[in-house]
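Participant: As a plain string of letters, each chain reads:
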Amino acid sequence: MHKQNTLSPYLIITLILIASAVLSVAVGSVFIPLPTLWDVLSSAIRGTASTLDPEGVYLKILSGLRLPRMLMLAMVGAALAGSGGAYQGLFRNPLADPFLIGVSSGAGLGAVLAMLAKSPYTPAGLISVPLAAFCGALLTVLVVALLARVGRTVPTTNLILAGVAVSSFASAVTSALMIHSTGELRRALVWLMGGAIMTGWSPILAVLPYVLIALTGLVLIGHPLNVLQFGEEQALQLGIRVQRARWITIALATLATAAAVAFAGIIGFIGLVVPHIIRMLWGGDYRRLIPLSMLGGASLLLLTDVAARTVIAPQEIPVGIITALLGAPFFLWILKLSKAQNYW
Amino acid sequence: MREMLEVIAISASYNHKPIIEDISLRLDKGSVLALIGPNGSGKTTFIRAISGVLPLRKGTVKVDGQDINNMSPQQRARKIAVVPQARSFPAAFTAEEVVALGRTPHLNWLGKVTERDMVIIEEALEKMDLTALRSRAVSELSGGEQQRLFLARSLAQGSPLLLMDEPTTHLDLQYQLSLMERIYQLAHPSDDELAKGVQPRTVVIAIHDLNLISRYADQVGLLVGGRLITLGKPQVVLTPELLSSAYNLPLQVIHERGFTLVMPSNPPEGRKDQ
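Chains A and B, in that order, are what the protein sequence lines are.
Note that our numbering has the first sequence beginning at 1, numbered continuously upward.
Note that our numbering has the second sequence beginning at 1, numbered continuously upward.
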């Protein structure tokens with residue numbers, strides 16, 4: 001059932017991503033029609049003035065707001081869906097996503113701590129917030145792994161249980177911190193709901209190294225993840241260094257999640273839903289599933305953000321709320337469609 | 001014939017409970033060893049121990065002359081392929097993808113297969129009658145088909161030593177016989193195959209069906225309570241005395257048309273009229 005599609009999955013998803021990206025920069029409080037968009041961008045690249053945008057208003061909107069926001073969302077969506085796919089493969093658990101082992105909550109706690117100390121938009125904040133998010137995420141993973149450890153191995157069930165517990169703890173601390181910092185409450189709350197996408201070009205530059213390293217690594221980890229699907233013992237008998245492969249995957253997925261959380265707040269469902277959709281459509285080979293999930297995650301977050309900005313315009317709904325509002329029913333619908341196939 | 005497997009006085013525990021004690025055996029290249037014994041006698045533990053996934057408490061296992069403790073997982077997987085009893089399989093994979101993953105010890109980190117790998121994967125699918133099912137998802141296969149799939153994966157691995165834990169369960173009689181026939185042929189290739197450079201495999205197979213082994217096993221090892229009670233040719237081990245005491249049940253052994261049939265001596269309870 002997986003290989004009957006004649007169109008390449010990459011081609012399909014790339015087309016969807018391009019369409020989402022165009023929609024994302026065109027739609028907003030000011031709608032930019034496609035011909036204008038094309039003219040403005042191509043003239044800007046050629047260095048000439050646009051005939052359809054003589055005063056450069058559209059160009060300002062595009063370069064100052066929409067393009068960086070689009071790029072940030074695409075990177076965050078790719079990071080969340082890519083790490084979600086990797087976590088699902090690593091734990092062989094269809095419920096696994098960046099939240100499951102506490103990574104998101106840990107990153108959230110780290111980021112909130114840094115935000116209370118520095119504004120995220122100052123240069124110090126731009127460096128310290130993601131760094132604190134990553135430290136929080138890594139610390140959470142280490143604590144979870146230590147708690148879940150039995151002898152020299154970390155059984156999956158223990159890891160998930162410890163993750164859920166530590167995750168709740170970190171969320172509770174985050175909530176307590178927010179209540180005590182009255183002035184910061186609203187901003188932190190919005191951030192926790194995934195409405196804190198940082199825009200502008202400097203956050204893009206700040207997040208780029210994290211995302212590049214993590215996503216490249218995750219794309220390359222597909223084969224060991226495939227072998228791990230047989231279980232640890234069989235993977236070892238097939239010649240994989242199981243513990244090493246697991247730790248590399250955890251490190252990469254944690255890095256990706258931390259970067260996403262630090263620059264966009266906590267956005268749920270993307271990491272859970274996207275890999276499942278890809279798996280239902282194109283099968284479980286992680287060498288294909290992870291890159292396709294990244295492209296799909298980027299598209300889905302861009303589309304969700306368009307909805308978040310237009311539903312009750314000019315007000316903006318935090319995108320995390322939309323991902324859950326749209327993601328949950330959509331996911332249930334997909335699940336019902338594919339029930340007979342037992343795809344997992 | 002060279003020795004493929006040398007087990008020297010191994011003991012292994014599971015959850016601090018000793019399961020196998022002081023087992024030694026040697027197996028020549030190109031032979032089939034059937035491990036028999038009642039439930040819980042240590043057959044599965046023995047297979048896990050000599051495959052390198054269960055640490056040994058005592059003793060040494062050498063495969064093709066090399067101590068398995070001094071080998072990396074990849075080096076071990078190139079020498080030993082395992083068909084496990086508890087099969088946990090990735091349901092979203094196709095049959096072909098599962099067999100292809102058997103090539104893992106020969107692939108790099110990216111898992112890129114070469115033309116030669118493809119040929120080997122194709123042969124393994126053919127050998128197990130799976131070519132028609134290649135694009136089916138594992139979850140859509142029957143128990144018997146999944147069993148053949150895991151055997152095909154172990155064939156694709158290309159390792160000279162095959163360890164199989166209960167490979168005939170879930171198979172109907174036709175496939176049980178054809179599977180045992182194929183296992184025998186793996187260990188004893190035809191002259192044609194030998195001329196083409198096919199290397200004889202060495203097979204260790206844990207099996208409950210005592211009636212299949214006399215015909216297909218070169219050696220039979222009888223395990224009771226984690227100890228190897230007897231090791232020898234089928235006619236030496238498959239005796240009423242040894243089996244009756246091992247299985248704690250009066251058994252008789254009947255030789256019929258090249259098969260050795262083991263059956264209870266007493267008629268079934270309550271049906272003495274028949």
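Hints in this document: simulated from the structure, not taken from any laboratory.
Please read these numbers as outputs of a predicted model, since none were measured by experiment.
The beta-carbon is built from N, C-alpha and C at its ideal position, and this holds for glycine as well.
Any given hint could be a false lead.
[What the hints assert, rightly or not] A few chain B residues that face chain A, going by a derived Cβ cut-off under 7 Å, partial list only:
#1 Pro84
#2 Phe93
#3 Thr104
Participant: Hint check: is the beta carbon of B/Thr104 less than 7 Å from a beta carbon of chain A?
Facilitator: 4 Å, holds
Participant: Checking hints one by one. Is B/Phe93 an interface residue toward chain A, by the C-beta closer than 7 Å rule?
Facilitator: 5 Å, holds
Participant: Min Cβ distance, B/Pro84 to chain A: is it shorter than 7 Å?
Facilitator: Result: holds, 6 Å to nearest chain A Cβ.
When held up to the earlier numbered hints, the structure conflicts with none and fits them all.
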